[in-house]
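So in the numbering used here, spot 358 of the sequence shown is number 361, and the numbers just go up one at a time.
Since the hints were made in silico from the structure, they are not lab data. As the structure is a prediction and not an experimental result, all values here were calculated from the model. Treat each hint with caution, since some may be false.
Pairwise CB distance ranges (calculated) [claimed, not checked]: (1) Glu159 / Ala248: 27 to 33 Å; (2) Thr137 / Asn93: 24 to 30 Å; (3) Thr226 / Ala97: 33 to 39 Å; (4) Val271 / Pro192: 50 to 56 Å; (5) Met265 / Arg173: 24 to 30 Å.
Where is the CB? At the ideal position from N, CA and C, for every residue including glycine.
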Amino acid sequence: MSSFQSLSVSVFVGMLLMVMQQSAIAMASGQGCDRGEMIVAQSNSSRPQTAEDYFNQGMMNLEAEKIEQAQANFERALQLKPDYAEDLLNKGFAALEAEDYRTAFYRFGGSLALKPNNPDALFGRGKAQLYRGTAYYAGAIRDLTQAILLKPDYAEAYLLRAEASSTDSRYIDYDRAIADINQFLQLQPPNPQSNSDIALAYGIRAEAYRGISAYDQAISDATQALQISPELPIAYLARAGAYSAKEDYKLAIADYTRLLQMQPEYPVVRTLRAEAYMESGNYDAAIADYTQEIKHADYHPRTYYQRGLAYVAKGDQQKAIQDFEKVIQLTQEPDFPGYTTNQELQQLAEEQLQKLRSGVMM
């Protein structure tokens, strides 16, 4: 039976959309790829002769929405080289191992063009997208979901989908993340070599529990994760966030401090610690953290606003006024990211300024 007889037109069209989307992303970023990276390439010969020629012709037909011709090209490529899809699959996993996620993506995509319903290729491409960055999370979740549908006991696919579902605010689904981790832990056999994955699973579920305000469960899972892997960032973040929510700021600050010792440039951690210092009444420490954060990124109005509040609490009105004025300046810049969402912050800063100036003039 032809490897394409079980392939529905909708699945093939889905592959087409993926090819077109990734080509557009590559072009927009000014990046090119060679044949080894599975970008559609013009064959050196006007008439295909080798398996590679037929494969490239198939990719061009796929991008041109010539579905039947693409199917015929891929079938011919497999006739000439029966292990072509497996070869690309292995190269994809090798690229993953080398952390070359862009190349891995295209190699897994090439393997799927030849044999579309391969859960391992879908898993590999999903993993490559997950680690390429948040711009690819939707594709990662889609591929990992398809891999799970084809292979319901695919433990690692549940783990990675949970990670994608609990990391970026655009795709947050804490309930699904918890369910996926539960499934992963049921499927994952005891094995010392899998300890890092188990620690990550507990860390992800801890963050998901924190996200749904199940703080005691979050602390329990994060602590268990750190017993296995003492330097797991997500576990410290989840536990610190849960401690802060429970108003146990001393323990929250300890976790944030430990994470900053391990990774001094870890995003937002210093700001989170500053907020914990604020809530605990240690305004000098909060100001120091906000000031350090501003040195690294002086364009976030919220950081200035929070430091302004710390100055107000400390009684330093002049410095508070300067920070609130900076907030208004930044939120009025038309090119500032998230401009429309900063209007409320601008209004809050104006209200603080009005109160302070009234107080200064009295």
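Hint by hint, here is what the structure shows:
The supplied range of 27 to 33 Å is met by Glu159 and Ala248, whose beta-carbon atoms lie about 31 Å from each other. Distance hint check for Thr137 and Asn93: the Cβ-Cβ separation is about 28 Å, which falls inside the suggested range of 24 to 30 Å. At about 36 Å, the beta-carbon gap between Thr226 and Ala97 stays in the expected band of 33 to 39 Å. The hinted range of 50 to 56 Å is not satisfied by Val271 and Pro192, whose Cβ atoms lie roughly 36 Å apart.
Taking the beta carbon of each, Met265 and Arg173 are about 27 Å apart, inside 24 to 30 Å as hinted.
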